[in-house]
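**Student:** Starting from the given sequences, assemble the full structure and let the hints guide the process.
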Amino acid sequence: MIEKKKRNIFQIIDDWASARSLWLLMYCTGCGAIELPPTMTSRYDMERFGIAPAGTPRQADILLITGYLSIKTLKRVIRAYEQMQSPKYVIGLGSCTINGGMYWDSYNTIKMLDLYLPVDIWIAGCMPRPESVIGGLNKLSDIIKAGEANGWKKYNENLKWYRANQKKVIKKWDLPEFNY
Amino acid sequence: MNIVWTVLGIIGVYIYGVFLMGLGRKISARVQLRYGPPVYQNYIDILKLWTKKTNISHGIMFDLGPVFLLTGSIGTLLLIPIAATEQLMYFGFSGDIIVIMYLMVFGSLGFALAASQGANPFGIMGISRALTLLAAYELPFILGIVILMMDANSASLSNIISHQAGGYMNWYIFKQPLAAIPAFIALLGMMGKQPFDIPIAPQEIATGPMAEFGGKYLGMMMSSHAIFMTAKYILFVNLFLGGAGNPINMIFKVFLIWLFPLFVGLVYPRFKTSQAVRFFWGVPSLIGLIGLIIHWLR
Amino acid sequence: MVNVLYFYAMIMSIVLIYIIGDISKILRNILAIFIFLYSLVSTVFVNEAGFTINVMKSMNLNMSFSYSGIGTFFVILNHIAFGVILINILNNINKKRDNGFLFNIFLIFYLTTLLFMSSNLFTFFIMWEFISILIYFNIGIFDKKENSGLKYILMNALGGMSLLLAMAMIFNFTGTLDFERLSSLYYLIPRSQAIVIILLFTFAMLIKSAFWGLHTWVKDAYMRSNTCFTAYMSSVLSKIGIFGLILLFYKIFPYDYVIQIFTFYNIQFFRIFFTIGGSITAILATIMAIKEQNVKAILTYSSIAQVGYIIASFGLGYRWSIISIMTITTVHLLIKTSLFSDLSFIEYKTGQTDGVELGGLIKVIPFTFVSTLISIIALAGIVPLMGFAAKWIYFENMFISGHYIALIISFLASTLAFLYCYKILSIVFLGIINEKNSSINYFSSLGDSIVTIVNMIIPIALVIFGFYPYPFFRFMFEKISKILPSANVFLSGNFIESSIGYWNPLNIATIVVIIFVSMFIIFVLLMRKPRKVSQYDIAMSAEPVRSHNNLHYVMNFYDGFLEVVKPITSKSSKRFYGKIYGFIEDIGDVLRKLHLNSLTSKNILTGIIIIVLIIVIWSAV
Chain A
776 MIEKKKRNIF QIIDDWASAR SLWLLMYCTG CGAIELPPTM TSRYDMERFG IAPAGTPRQA
836 DILLITGYLS IKTLKRVIRA YEQMQSPKYV IGLGSCTING GMYWDSYNTI KMLDLYLPVD
896 IWIAGCMPRP ESVIGGLNKL SDIIKAGEAN GWKKYNENLK WYRANQKKVI KKWDLPEFNY
Chain B
262 MNIVWTVLGI IGVYIYGVFL MGLGRKISAR VQLRYGPPVY QNYIDILKLW TKKTNISHGI
322 MFDLGPVFLL TGSIGTLLLI PIAATEQLMY FGFSGDIIVI MYLMVFGSLG FALAASQGAN
382 PFGIMGISRA LTLLAAYELP FILGIVILMM DANSASLSNI ISHQAGGYMN WYIFKQPLAA
442 IPAFIALLGM MGKQPFDIPI APQEIATGPM AEFGGKYLGM MMSSHAIFMT AKYILFVNLF
502 LGGAGNPINM IFKVFLIWLF PLFVGLVYPR FKTSQAVRFF WGVPSLIGLI GLIIHWLR
Chain C
279 MVNVLYFYAM IMSIVLIYII GDISKILRNI LAIFIFLYSL VSTVFVNEAG FTINVMKSMN
339 LNMSFSYSGI GTFFVILNHI AFGVILINIL NNINKKRDNG FLFNIFLIFY LTTLLFMSSN
399 LFTFFIMWEF ISILIYFNIG IFDKKENSGL KYILMNALGG MSLLLAMAMI FNFTGTLDFE
459 RLSSLYYLIP RSQAIVIILL FTFAMLIKSA FWGLHTWVKD AYMRSNTCFT AYMSSVLSKI
519 GIFGLILLFY KIFPYDYVIQ IFTFYNIQFF RIFFTIGGSI TAILATIMAI KEQNVKAILT
579 YSSIAQVGYI IASFGLGYRW SIISIMTITT VHLLIKTSLF SDLSFIEYKT GQTDGVELGG
639 LIKVIPFTFV STLISIIALA GIVPLMGFAA KWIYFENMFI SGHYIALIIS FLASTLAFLY
699 CYKILSIVFL GIINEKNSSI NYFSSLGDSI VTIVNMIIPI ALVIFGFYPY PFFRFMFEKI
759 SKILPSANVF LSGNFIESSI GYWNPLNIAT IVVIIFVSMF IIFVLLMRKP RKVSQYDIAM
819 SAEPVRSHNN LHYVMNFYDG FLEVVKPITS KSSKRFYGKI YGFIEDIGDV LRKLHLNSLT
879 SKNILTGIII IVLIIVIWSA V
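Chains A, B and C, in that order, give the protein sequences.
For reference, each letter of the first sequence is one residue, going 776 to 955 in the working numbering.
For reference, each letter of the second sequence is one residue, going 262 to 559 in the working numbering.
For reference, each letter of the third sequence is one residue, going 279 to 899 in the working numbering.
One thing to keep in mind: the hints can contain errors.
Some residues of chain C that are not near chain B, with every Cβ distance over 10 Å (derived) [claimed, not checked]: (1) Leu305; (2) Ile311; (3) Tyr316; (4) Ile431; (5) Ala435; (6) Gly453; (7) Asp456; (8) Leu492; (9) Ile545; (10) Arg597; (11) Phe645; (12) Tyr720; (13) Phe721; (14) Tyr748.
Within a straight-line C-alpha distance of at most 25 Å, the following computed BS3-like cross-link-like pairs (lysine-lysine) qualify [claimed, not checked]: (15) A/Lys929 - C/Lys810; (16) C/Lys844 - A/Lys928; (17) A/Lys929 - A/Lys942; (18) C/Lys844 - C/Lys497; (19) A/Lys929 - B/Lys314; (20) C/Lys807 - A/Lys928; (21) A/Lys781 - B/Lys436; (22) B/Lys314 - C/Lys810; (23) A/Lys946 - A/Lys847; (24) A/Lys928 - B/Lys314; (25) A/Lys929 - A/Lys886.
Think of the hints as simulated: they come from the structure by calculation, not from any bench.
In this text, a Cβ means the ideal position worked out from N, Cα and C, and glycines have one as well.
**Tutor:** Structure below.
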């Protein structure tokens, strides 16, 4: 695991900027998608914390996975994650990403997202309400500000382990190796 | 000393442009009954993009894209007099309007090559839309410009400014309304704000030309956009609002014009590409043509 | 003496390329470069009185040639263009070398030089007809369809006929065809006949330079011929019409007389005809260029559009017309030579000019990309390069002379030109590379390196003259000083000025270069280095893509725009011209029947031809 290092002033500024400006790439599967529009629009307005939706993975900071991932969609998520630019963070939204949730005995969904991608923060619930989504995002912001959200470093360092896990579930592995 | 003033002017315009972008987000949030981000949010965004740890590149033209953009923006800015003070005129004294109009596309076309090398079909699609839009709004814009050139009998920007001296009723926006209307409608297209955000269109083509850019590339593009946007507003102030005697005056006038595309953008949804072309080549151009003929006969 | 040597060089070159061509490729290149330089030196840098060939003593018709101002300028341009194109011809043709083609293009080159040197109308006409016929052979060699050659020869025969008629009328009234004497004898022609002469002459020239409506032969002729030859047609041969119009406006008649003769009710109709007609040519050709997806077709229409600007320049007024014409002509000639040469190199390497099969070539032929990029920037008229100077002179003087509508049309046309300029770069050099082309070897032979170096000459010249255009303008003023005695009319110091504005090319170029370099240092060198990714690693979808076809974006490139201009682009003159072809074929059919059906008719025809020949020979002796 990565130990907490002492940061210099530039790194502190970096982290502060990253924490105050979070661009979301929303990977919406199933029921999770419906909670995000109210989060973005007038009622809850996540933009007041500097959180905005991003157009493509290249521009995004956060990969927000809202619910169960089937084996087929996992492939896309991995590719989207690897196209994002560091520092990048993953949020698991809803119980399905934590332990399978109501799909705990499904034959074609993955149960623990943590095995395949480095999740920085979980937001539990089925489904979590916009309040808790924003709460989770703010929590992530605090972690980043403290310089402790190092999921992307973990992924780079333990790429072999993650790849092995990913290849274990995705039988027909045809992802190009050029991603990383 | 001149160089110091030049650099200071560029930095000032940059800071003001980014501020306006943030303020725009705040205002549109308030219109939509939201709280909105802080006005300094865009500074943080740019800082964050610059400090991203990794970037990707598709090749040499891809790398040069933001450089082209910034060159075009700053070059345009330097040819436009910011204020009538000696230090802020730069090279604006030789600012021939046709030179400015051709320098304005320098950056965009250079960036278009970068987006092309990104090989993302959305990027090329966005560029093709952007160029179509450019051709569309250029017609009403040149009509307005030609009327002003006829009135001032000069293509020099400083002459056009000096023709508006002496009270606000001498401003071309009041003196030549038939030139101002098409030009200001063309301004909507130039700004790429809501009814004409065809090239960007995040919901259709995933931010179009920017689809493949992230990190420092996107940061530079946002910076360039801030400078270029402000330079265009300054050009419009010089053309229609009689220029400005000092920077404070210019800041105020730019703010006034800036509100116009912002509020129009908040009300109207996006056009299709062909609709935008038909719109620009329709009513605004007709108004400009009528203005041209009236001025010709006079 | 030099002139004789020049013609020796002409004959020697043809013979040598015939013989040595088969022996060694390097020797052929060296020879070609030598011939090019020699003929350039002998025509340009040696000022000498011309020479005369007596053709018909009895009618006092001479073929006389002389070096005179504008003609010399065109001759120089011709040599520059041909020198570049010759190197491309010698190296870029894939199949077995075609000596007939080489011989043909050499002949066309020398005849064009003689045409620009001609000092009377008779010589001009003879050269014009020779060139027309030789071009027809050339299109014929590479043509698969019969129609393109027919279209071409039909239109040009029409032009030739009206030129002949105009010439006969001039001779009838003045008794001479010599330009020097005509300029003082033009008043002998009655006004109504002068109108007819000018109209006939203009018609002939507008056909040659592809005015809109008379341009129908251009696309097929350009598309069907070898790309190297298209380069020559687009850059030099389209300027023959322009040269003829300059003769009409500045040598046969004075400019003001031509304008005044067509002035009714105080409206100068001829100027309006030229400015509006030229601008409409420019905009319609530009729109057609946007529609095409074959690079050769795009450049073809672009060529028509650029010639449209030149035609429109004839309405600017006595002084500014000639300056604008010469500037745009020079710029366009250089740009089109460069672009078509690059295209022929691309065609040689990939076997394609169609955008669908190309793409991503920047990775395999980067120097060709640089050369094309610079030429395209100059073509679009973006500021720091030479193309802008031509555009600026054109627009400012369009405004000063009061042609506001034409100004707006041509401004829109030049804005629309960005669309196809970008399209060329995007579909050929950027985007995704075709798997077929990814194994191209850039420098597979010595010829490739020579072609690459030679093709860089013109772009470099465009950059240098864009930053510092004064030597070019001074040289041009010197050459046109016979027409325009007061030289340096708009240069003051480093400024280029008109009566309504001025700008400083050196100043602006310096600003742009300084900002570009400093931004390059900050952005590319100082900030964090990016990681190179492969071309298929794009953030379009999470599904990996592995094929050129799936990502290369060429079809429906400007969909939204083309939807708007559909009423213009869908109109075709094919049916109209088809009817004319049908009619002419019918006539030919009747003649053939006449000819074949009876022995007597055959004998009569042969007899007529022999009698004509006897008359010609008798009068010549």
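**Student:** A separate judgement is required for each hint: does it hold in the structure or not?
**Tutor:** Right, here's what the structure says about each hint:
Every CB of chain B lies more than 10 Å from the CB of C/Leu305, the least distance being 37 Å, so the non-interface label holds. Every CB of chain B lies more than 10 Å from the CB of C/Ile311, the least distance being 31 Å, so the non-interface label holds. Against the 10 Å criterion, C/Tyr316 stays outside the reach of chain B, whose nearest CB is about 40 Å from its own CB. Every C-beta of chain B lies more than 10 Å from that of C/Ile431, the closest at about 37 Å, which supports listing it as non-interface.
The Cβ of C/Ala435 sits about 38 Å from the closest Cβ of chain B, beyond the 10 Å cut-off, so the non-interface label holds. Every C-beta of chain B lies more than 10 Å from that of C/Gly453, the closest at about 46 Å, which supports listing it as non-interface. Every CB of chain B is more than 10 Å from the CB of C/Asp456 (nearest about 42 Å), matching its label as outside the interface. No Cβ of chain B comes within 10 Å of the Cβ of C/Leu492; the nearest lies about 26 Å off, and the non-interface call holds.
Every CB of chain B is more than 10 Å from the CB of C/Ile545 (nearest about 14 Å), matching its label as outside the interface. For C/Arg597, the non-interface assignment is confirmed: its Cβ lies about 18 Å from the closest Cβ of chain B, beyond the 10 Å cut-off. The claim that C/Phe645 is not at the interface with chain B holds, since no C-beta of that chain comes within 10 Å of its own (minimum 13 Å). With a closest Cβ-Cβ approach of about 16 Å to chain B, C/Tyr720 is found to remain outside the 10 Å limit, as its non-interface label requires.
The claim that C/Phe721 is not at the interface with chain B holds, since no C-beta of that chain comes within 10 Å of its own (minimum 19 Å). The claim that C/Tyr748 is not at the interface with chain B holds, since no C-beta of that chain comes within 10 Å of its own (minimum 16 Å). A C-alpha spacing of about 22 Å is found between A/Lys929 and C/Lys810, which places the hinted pair at or below 25 Å, so the restraint holds. Taken as a hint, the C/Lys844 and A/Lys928 pair is broken in the structure, with Cα atoms around 54 Å apart against an allowance of 25 Å.
Taken as a hint, the A/Lys929 and A/Lys942 pair is honoured in the structure, with Cα atoms around 18 Å apart against an allowance of 25 Å. Proposed proximity of C/Lys844 and C/Lys497 is supported: the alpha carbons are some 19 Å apart, at most 25 Å. At most 25 Å may separate the alpha-carbon atoms for a hinted pair to count; A/Lys929 and B/Lys314 meet this at roughly 15 Å. Under the criterion of a C-alpha separation no larger than 25 Å, the hint pairing C/Lys807 with A/Lys928 is consistent with the structure, at around 18 Å.
Distance check on the hinted pair: A/Lys781 and B/Lys436 sit about 65 Å apart at the alpha-carbon level, beyond 25 Å; violated. Between the alpha carbons of B/Lys314 and C/Lys810 the distance comes to roughly 15 Å, so the proposed pair stays at or under 25 Å and holds. Our distance criterion of 25 Å between C-alpha atoms is met by A/Lys946 and A/Lys847, whose separation comes to about 10 Å. Annotation: proposed proximity of A/Lys928 to B/Lys314 holds, straight-line Cα distance about 11 Å (limit 25 Å).
Among the hinted pairs, A/Lys929 with A/Lys886 is consistent with the structure: their alpha-carbon atoms are about 20 Å apart, no more than 25 Å.
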